[in-house]
Amino acid sequence: LFSLNIDHDQVTASQSQVRRPAYKDQVSFVSLNIDHDQVTASQFQVQGIPTFLIKKDGQVVSHMGARPKPKSGLGRAPTM
1 LFSLNIDHDQ VTASQSQVRR PAYKDQVSFV SLNIDHDQVT ASQFQVQGIP
51 TFLIKKDGQV VSHMGARPKP KSGLGRAPTM
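Residue numbers for the sequence shown follow the working numbering, beginning at 1 and rising by one.
Treat the hints with caution; some may be incorrect.
Claimed, not checked - If you anchor each label on the Cβ, the simulated ranges turn out as follows:
1. Asp-25 - Gln-47: 30 to 40 Å
2. Ala-22 - Met-64: 14 to 24 Å
3. Ala-22 - Ser-42: 14 to 24 Å
4. Pro-21 - Ser-42: 17 to 27 Å
5. Lys-55 - Asn-33: 14 to 24 Å
6. Ile-54 - Asn-33: 25 to 35 Å
7. Ser-31 - Val-61: 26 to 36 Å
Since the hints were derived computationally from the structure, they do not count as laboratory data.
Please read these numbers as outputs of a predicted model, since none were measured by experiment.
For glycine and all other residues, C-beta sits at the position ideal for the given N, C-alpha and C.
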């Protein structure tokens, strides 16, 4: 997920284009411009760009980029 309004995203997008032919039979590369599809970015909880998601069998198996921290018990007062 990217935005072409950000300089480093333009570089990342061009690097991705270079790698596509080498992996064309193994991986499908999909780019989504979040400036045009904010609903999908929200569904994947994208908090920063660029963000890279790796999906296998329809499920996200890896996520690189900013995203919300998981809710946990951290920060709560200890119980006695």
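Problem set entry | Violated hints, by number in ascending order, as checked against the structure | The structure breaks hints 3, 4, 6, 7; every other hint is satisfied.
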